[in-house]
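First to last, the protein sequences are chains S and D.
Residue numbering for the first sequence follows the working numbering, starting at 1 and increasing by one per position.
Residue numbering for the second sequence follows the working numbering, starting at 1 and increasing by one per position.
A hint or two may mislead.
Note that the list lumps identical chains together, so a pair holds whenever it fits in one copy or between two copies.
Mimicking EDC-like on lysine to aspartate or glutamate, the simulated pairs with C-alpha atoms at most 16 Å apart in a straight line are [claimed, not checked]:
{"#": "1", "residue 1": "K63", "residue 2": "D274"}
{"#": "2", "residue 1": "K246", "residue 2": "E128"}
{"#": "3", "residue 1": "K187", "residue 2": "D144"}
{"#": "4", "residue 1": "K127", "residue 2": "E46"}
{"#": "5", "residue 1": "K181", "residue 2": "D274"}
Hints were generated in silico from the structure; no laboratory data involved.
There are 2 protein chains.
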Amino acid sequence: MGGDEAPRMVIEGANIARRQYRQAHFLFFGDKAQIEPLLKEFPKLETISEIRHTDEMVVNEDKPSIALRQRRNSSMRLAINAVKDGEAQCVISAGNTGALMAMAKFVFKVLPGISRPAIAGYLPTLKEGRDTVLLDMGANIQCDANNLSEFAVLGAVYSKEVLGVNEPAIGLLNVGEEEMKGNEQVKEAATLLSEHKNLPGKFVGFVEGNDITSGAVDVTVTDGFTGNIALKSIEGSAKLVSTMLKRALKSSLLAKLGLIFMWPALMGLKKRMDPSRYNGGIFMGLRGICIKSHGGANNIGFASAIGVGADIALSDFNEKVARELEKLHEAQELEKIEDLSVEAV
Amino acid sequence: MGGDEAPRMVIEGANIARRQYRQAHFLFFGDKAQIEPLLKEFPKLETISEIRHTDEMVVNEDKPSIALRQRRNSSMRLAINAVKDGEAQCVISAGNTGALMAMAKFVFKVLPGISRPAIAGYLPTLKEGRDTVLLDMGANIQCDANNLSEFAVLGAVYSKEVLGVNEPAIGLLNVGEEEMKGNEQVKEAATLLSEHKNLPGKFVGFVEGNDITSGAVDVTVTDGFTGNIALKSIEGSAKLVSTMLKRALKSSLLAKLGLIFMWPALMGLKKRMDPSRYNGGIFMGLRGICIKSHGGANNIGFASAIGVGADIALSDFNEKVARELEKLHEAQELEKIEDLSVEAV
């Protein structure tokens, strides 16, 4: 069990998730001496849980390659194996992201039609009740046009299946909306996506950083370097504004008086904007379901991550992803054949 | 004159800036028939202003190369020429960014020791009263390690000279703080910056997206693709939180009552966080001073952009930049010579 406040927040998170997912069972991987007394605090959870003891763990400093080779009995690896073996339907971890991706990719293997798996997550937008999907959030530092077009398909399926959007609008993250802008990868990906008539959504072209949270699109596609930085920039900015607000509201006696009246409304807002609600990045494009929780998540955040995993496990998510990827690649093959025949004329 | 609300916001902005910069004079380039009646509204401004008439203008759809070749009598080009000819000390424009950069680079030429100019701007942080510099905000889609190390020097001089930070802390934007993370460019740039003992600031290593606004560093260095997206993600997120807040505060009668007490504090916050205060990206690394205002800026925003230009024009900014770049490249040359002698041994 990884994460800054593990194992307590993991157990408490499971106890929160238990109430929403009545048929859930839990396998906890880690140090039994630590987990058992915690589990005792939640008798209802205990009855649907099992502890799998291991002393070994992946640490944050482990390189993915080292973790993969040397941590074969770590809690992370054993949890992934349990999904592979059919003992569990999904694995949720707040540990080392690189190691988790390396292990999940190695054990689960990628879905047919996927060059590289990606991490997808969702964020609130200006459009009330309409969340937006962002990917890749950090699995692939460099991506080509082909990777990006696959991510568009992955993100659209996520938006449809998990967030319930009927026909997701898909945007490619760029430095401007004009066709001439951006690097070669995004320009080529835009061409690929425009040509694919069978997308599980509607490709709307380029979008900019501010469009992620404006609700302009349901899916924002980018490489893992830019996506990770955009996500964390959004988190940092939200923290800046809310901290400044807190300071302002405590700055004078008059403001403090107003705070009393405003308390319920502000608490509602806090709940709506709570980063915990948006915890749980899914590793998309793998044959098994693996959810990455934020390392700094609290129990509510970890419960959200469990919820994301459970929602996906309860749908036939990966079958749909595989089907849509097949369509994408068939269209691309057709395109190539047509190009060839033109050349042959 | 470009910008969504030009020419009115330009004239009004100049009138605001006039009060702070008592020795300023203004040259306005554009359609005299439009500018003259506006200027008449501000008699004090009129006495220190001159209109240079031209019918030609750069439009937002112009590619930089086309603007450079075909818009030789545009207001943008004539304004840049005026700085080159010593008639003005800086040019401020809210027009097409790509065209402005192409023209400014062509007319001013780059400073010795610079491979590519960059756009730098500043943002508020969690540390009260401590703003942070971000560059490149969009001039260079792709950057190598050398470009990034030059940007670090540019940003540090900006932080020292314009924001008054004594020894700026410089960070390289990445997807994690660990040395092994990121693309080749940032890893190599980190090595270059760690080896340079004579930086006009302190290189602290990698920082993440949330560190831009946390105040962890005074200068955040990145390529123009990532920088532009990070900047706009921050803007979008700030808008999301403030819009949600507005909705929450109007959601109930009780909240509205509280609003009355809180009004002064909230207005103070609004002023502090006003994007207008942070308007004005400087094109760094050129032999002339060119400031890009946000296209959607209002008069206060445009006045801020004028202020940035005036502050820089009043300092010996470019001389300092040139001196620091010389030190950087000398250190790199020395490094190469040492490497060679090691090989020769």
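Quick rundown of the hints versus the structure:
1. K63 with D274: neither (31 Å within a copy, 42 Å between copies)
2. K246 with E128: between (23 Å within a copy, 13 Å between copies)
3. K187 with D144: within (10 Å within a copy, 20 Å between copies)
4. K127 with E46: For K127 and E46, neither the intra-copy (40 Å) nor the inter-copy (45 Å) Cα distance is at most 16 Å.
5. K181 with D274: For K181 and D274, the Cα distance exceeds 16 Å both inside one copy (35 Å) and across copies (28 Å).
The structure is inconsistent with the numbered hints 1, 4, 5, although it conforms to all the rest.
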